[in-house]
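Student: Given next are the chains, with one letter for each unit.
Number of protein chains: 4
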Amino acid sequence: MTASVATTMDHLLTPAAAEHHARLCELVGDSWRGDAAAWDRAGRLPAEVLRWCAEQGLLGAPLPAEAGGGGWNMVRTGLLYEALGRVGASLASLVNVHGMAAQTIARWGSEEQHRTVLPDLATGRRIAAIAMTEPGAGSDLAGMTTTLDARDGGLVLNGTKVFITFGGQADVFLVFAYADGGDVACLVNRNTPGLTIEPMGDVLGLRAACLARLEFRGCRVDPAALVGRPGFGLAVLAPHALEHGRHAAAWMAAGMLHEVFAATARHALARHAFGRALIDHGQIQSIVTRMGTDLEAARHLCLAASEALDARDPAAGDRVLAAKYFACRVLADHAEAGVQVLASSGVLESSVTARTYRDAKVLNIIEGTTQVLERMLAPRLAASVGRDA
Amino acid sequence: MTASVATTMDHLLTPAAAEHHARLCELVGDSWRGDAAAWDRAGRLPAEVLRWCAEQGLLGAPLPAEAGGGGWNMVRTGLLYEALGRVGASLASLVNVHGMAAQTIARWGSEEQHRTVLPDLATGRRIAAIAMTEPGAGSDLAGMTTTLDARDGGLVLNGTKVFITFGGQADVFLVFAYADGGDVACLVNRNTPGLTIEPMGDVLGLRAACLARLEFRGCRVDPAALVGRPGFGLAVLAPHALEHGRHAAAWMAAGMLHEVFAATARHALARHAFGRALIDHGQIQSIVTRMGTDLEAARHLCLAASEALDARDPAAGDRVLAAKYFACRVLADHAEAGVQVLASSGVLESSVTARTYRDAKVLNIIEGTTQVLERMLAPRLAASVGRDA
Amino acid sequence: MTASVATTMDHLLTPAAAEHHARLCELVGDSWRGDAAAWDRAGRLPAEVLRWCAEQGLLGAPLPAEAGGGGWNMVRTGLLYEALGRVGASLASLVNVHGMAAQTIARWGSEEQHRTVLPDLATGRRIAAIAMTEPGAGSDLAGMTTTLDARDGGLVLNGTKVFITFGGQADVFLVFAYADGGDVACLVNRNTPGLTIEPMGDVLGLRAACLARLEFRGCRVDPAALVGRPGFGLAVLAPHALEHGRHAAAWMAAGMLHEVFAATARHALARHAFGRALIDHGQIQSIVTRMGTDLEAARHLCLAASEALDARDPAAGDRVLAAKYFACRVLADHAEAGVQVLASSGVLESSVTARTYRDAKVLNIIEGTTQVLERMLAPRLAASVGRDA
Amino acid sequence: MTASVATTMDHLLTPAAAEHHARLCELVGDSWRGDAAAWDRAGRLPAEVLRWCAEQGLLGAPLPAEAGGGGWNMVRTGLLYEALGRVGASLASLVNVHGMAAQTIARWGSEEQHRTVLPDLATGRRIAAIAMTEPGAGSDLAGMTTTLDARDGGLVLNGTKVFITFGGQADVFLVFAYADGGDVACLVNRNTPGLTIEPMGDVLGLRAACLARLEFRGCRVDPAALVGRPGFGLAVLAPHALEHGRHAAAWMAAGMLHEVFAATARHALARHAFGRALIDHGQIQSIVTRMGTDLEAARHLCLAASEALDARDPAAGDRVLAAKYFACRVLADHAEAGVQVLASSGVLESSVTARTYRDAKVLNIIEGTTQVLERMLAPRLAASVGRDA
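Protein chains in written order, with our numbering: chain A, 377 to 765; chain B, 377 to 765; chain C, 377 to 765; chain D, 377 to 765.
Be a bit skeptical, because a hint or two may be false.
Claimed, not checked - Computed list of chain B residues with no C-beta within reach of chain D, every gap over 12 Å:
1) Gln489
2) Asp656
3) Gly658
Said to hold, decoys possible - Selected chain D positions facing chain B (in silico; Cβ < 10 Å):
4) Thr521
5) Thr522
6) His616
What the hints assert, rightly or not - Covered by chain B, according to a simulated footprint, are these stretches of chain A (three or more residues, beta-carbon under 8 Å):
7) 584-596
8) 674-682
9) 744-750
If you are wondering where the hints come from, they were derived from the structure by calculation, not from laboratory data.
No experiment lies behind these values; they were computed from the predicted model shown.
Think of the CB as a built atom: it goes at the ideal place given N, C-alpha and C, for glycine as much as any other residue.
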């Protein structure tokens, strides 16, 4: 990875943003480019990677400066995810789930949480993750059955959460549950008695993301660990966290697609079959052109989402959904095409195409499946026309 | 059409461009919105429409002010095509082919042509069209067989051109041919002896675009009617004209897709089936979301192409190809989906969906088929990666 | 059309069926091949075509011999629709709607109807059509609002039906309505006082199918004109008629796709671009291979549906749905691709590709839209797995 | 797996073939159903599986009875691959590559080879594999650089073969190379001095298929080990072997798709979201219907290919290509969709969806990539139309 690869996005960016992006690509790329296959095999990120992320300030990048964060706006934060996505989806996902939790606390947490928890998250001394999904309730969060009950003068958490990204490595979880006063989110430390954490076993993608199953059996929760008010959990906090997560997922998909495109293009130029370079075969031309134009379109939609968030545009939420929807969907299509173009070398797990083919599928499931995003986005898009007409 | 429909693009535009676009949408929409079906039936644009375009200065909009044109940059010109595309593809195509010829003369024509021909084109006193395609040579221009031979101290044109948009209504043609010194382009008036113009008969789309077949049999051409130098015809003039045409086609596709999306969204909100509004059915949600996000992506790519042209960015040509490729392709997909959602009312020729379904197919053939664009664009996209790595 | 074209299906058929099919292709092809474009322009089938269909016994082919029909089984009937589809969708649709009505009367009609109505339909002395769809109720038949009320000792019909195929030419309609005792179907003659028939105006496809709007205003209906019992209309008769119609639509789509494939293949072999035949370009190879294999798959599914109907297989209804769904869907995809391959010659309305591109879209809406077929078929397909496991 | 699952194909089969298939499904399913995930993790098939295949006669099933084989025709052989595909692609691939080599020897081998080699292959005492693909020559076999040179009164083999399915477990290889007299195929034992076999490392799919890299460095080859005449290697033997391999791949894809469909259908019936079973959501209905109809179409094309082979139909080769092309392509599409429907449970590597998603991609690369099959099949399909017209 050289700075010049990054320049292919420069025409979309202000000079300052372009420089920021180039610096990130270089920083992340110089350190970890090419390591994702090994992380996949190991089924986790090495501790040194987490430490490095913390030291570089990447884990607190979008948090307010007063909380010890970098104070990056959403454009700069998005470009970070793009740069991370180029190296690997698992690395980008670690930063993402940590950021989802940290951002939610920064926005909705108590003063005490701002004082005691947030600085640790901003500096990466502690890693946070989000515990939302349940065995019987995926994208339909309202179907969750985890409860936080008042008992013996305290609060007790019972329930099961699954597919918790970096559940295997996080120090603290933002857990969603039903309490008496309504749905809530609360912070639960990894070492809380009654909390059992099991790895989910082999998964198709995000293999280094330590997906885990969390069992809460009578875990005592301090009332001070509640984030936001009862009744706010699903209506306010979860959407806030998911918006952050979708924004990140969109950009990381753009970064991953960049790598697939680069590998596909290079192979198409270098490899010959039937007397001509692959790039001179019509079928390959079709694949390369679609991939390249969709990549460019995905970047535009991602950037528009970031800018809308920074501008507090009321349409920002829709733009984030659109960017996540588009970028992840075309990533899956083109990862598939990339494997096909690279053929026998594209199916090696050491290749970016094989790994991205697996990771891309997962990106179309987490933070809202393709289908759930359509369910959310279609009425909003349609209504906007209705209003205008 | 009210100004507010146009505002759905405002977030992409500078305030001045947004106002320009809103004004155009209002101007064109107030005058002609809803008339495209009648034009289709008639198989031509009424003379008053051509006159109106001339009076409003739309036919000379992108021409230099010193030639009597509007001096619009490519962003403003693109937004014109978007606004025209909302009313109908045939109207937009008239302005486009006229613009392709006029722009080529403005850039490569002689001083005399600038003095005698260009002002008439800028004001719309005369309508121009491009005569490029031949029965045996479509996208592969080098295969053309029309010749411009020196004979009896003059030049004589022989050959056949087909699918000439607005061939049936244009006053003057920019004709491509092989001469002794190489491939050339020359201006030929409609009333030139030896030129026979026949309508092409019924066509699937662009029905009001007066597609014609032109037979040149011993037409005498004044050497002063040559545009540019011999050897420049296919290498310089045709690409220049086609770049203008593709930029316009991309934007008109975006405008057409806007209309299809609006019709689809309104129907999905209003119509019920099996006890629920269509927008509450998953299949319709999928269609609406794809259409809406692809529309947004198409606009981004179009605008990036316009801005690159205005900035004389060396990558401008690639961005124009990408915008034309993407916008026309998704238009065809979504026009198909739009008919499906509107179902029995969507197949009425008075509906925007049925007309766009037909027009969209033609837009994927003219100014370079989807396949030819892939052939052009794939090596360029791939090479850009190679250079960066 | 020669017999040998038909032979491309021979490997699927018994020798007797293959000969039957070859004879039909020759019979229909010799008489009408190439005429569909003219019928489209005229917006109706010439009277001589209807007469010819009657004389050849095509209008009564699947009716029982005792009713004056041909007694053809469903395989032979399906092959008839395939042969008709090769000539044009409107012709095939005429035979289809007539057959849907006639079959329904043959199966559920009274003895009197068998004596007085059926023979006229079997011989084609009278043409029948189906009046089902309403402005506010398309595929969701239960939403219809047409009523058949007891009044003044008789029955009175009020309501509006739209998109009635061959409504403009049929002599008698099988009309679905709500009566006191439940939903019913009844026969209404064209000249019934109170019935107004208006052409629907221009439509995207099936242009020669005389689509009409029928207004019933106080039409008196003889109780003897009721077909089947009250409560049977939507639950028994409509599905029966639609099953016949879907079986026919599937086969006519296969016939239409055959013609598109033949045109595409010939063009790909004959036309050159960039120094090679189109068939030597990868993109065209991809299109041709998909089209050819999908055509073959469609034929298999059609034949399996016919055979299941003939065998009174309980799964016959599912196979008919699957054949209609698959054949019409791939027809639309490939008609689009066929236009693209033929490019400028493919958009001429005189070409099979342009016409089929329009007709194919309509075939995905009538007799159950793609989406409604999915709604019907998915639970059945899924349940069959559940039962087997 | 019970016999009744198999019955979903019964309507396509003769009673004898249906019973044969049911017996195979039960035999293979009872023994190994559910073990494929463990084989994947181990990266190889346990020795007991190979032994079991041999004992059951599966490794010699299609070989002539006189060679100790089962003498199964292609329909019965195809149904074996379908039954194996239901359990796992790696198991089916083992039987396939062994069969490709054995069939080629049965057809083209010398009397001596029939006496000394074939019986061992028929009984499975020895496992054979095919060594065709090279680092620089995948689907374009003519580009291979392996040589078999006359030296010191013998023959010496030099070259590199990659992606050799079951290269890690086979006892003998059928190796393709260029010799003086033309291209040849020869048998080389695993323990031949100069032959180094290395596993290819992790691959995306077919993980238990022991893909290996074979280096031949001065391996001495007995002239009696040549199979067929020089000049026959690429023109006759390779196509023969590949035809067997494609026929098998098509059927195993059908079997794999059956399993994906069953898993998807069951999940869609059982799982609820947003208050309804998944099967009641339009998007899922669309996925299930496409998957189910494509599965049925794939089976038809597979069976037609088998029957054509059994009938020595000149079109058999085309039908095999069509079946492989269609079945593997729709398998990849629907494995992707199946993961999406099962969502978080679909990405577990223990699920059939995740494994098939990976395996399906490889099936579209081996035995001719999708693109190479299009290159082969398009001109043949197009020419057949030309002949008929």
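Student: Take a quick look at Asp656 (chain B) and tell me if its Cβ sits farther than 12 Å from every Cβ on chain D, holds or violated.
Tutor: 9 Å, violated
Student: Beyond 12 Å from every chain D Cβ: check whether that's true for Gln489 (chain B).
Tutor: Holds, because the least Cβ-Cβ distance between Gln489 (chain B) and chain D comes to about 47 Å, which exceeds 12 Å.
Student: Under 8 Å between beta-carbons, do enough residues of the region 744-750 of chain A, three at least, approach chain B for the coverage claim to hold?
Tutor: The restraint on the region 744-750 of chain A holds, since 3 of its residues have a Cβ under 8 Å from chain B and three suffice.
Student: Would you check chain B against the region 674-682 of chain A, counting CB to CB pairs closer than 8 Å, and say if three or more residues qualify?
Tutor: Holds, because 4 residues of the region 674-682 of chain A bring their Cβ atoms closer than 8 Å to Cβ atoms of chain B.
Student: Can you tell me if the region 584-596 of chain A counts as covered by chain B, using C-beta to C-beta distances under 8 Å and a minimum of three residues?
Tutor: violated (count 0)
Student: How about His616 (chain D): closest beta carbon in chain B under 10 Å, or not?
Tutor: 35 Å, violated
Student: Please verify that hint: Thr521 (chain D), Cβ, nearest Cβ of chain B, below 10 Å or not.
Tutor: It is violated, given that the least Cβ distance between Thr521 (chain D) and chain B is near 26 Å, above 10 Å.
Student: A closest beta-carbon separation below 10 Å is what the hint needs, so does Thr522 (chain D) meet it against chain B?
Tutor: 30 Å, violated
Student: Check the non-interface label on Gly658 (chain B): least C-beta distance to chain D beyond 12 Å or not.
Tutor: Given a closest Cβ separation of 3 Å, the condition is violated.
When the structure is compared with the earlier hints, violations turn up for hints 2, 3, 4, 5, 6 and 7 and for no others.
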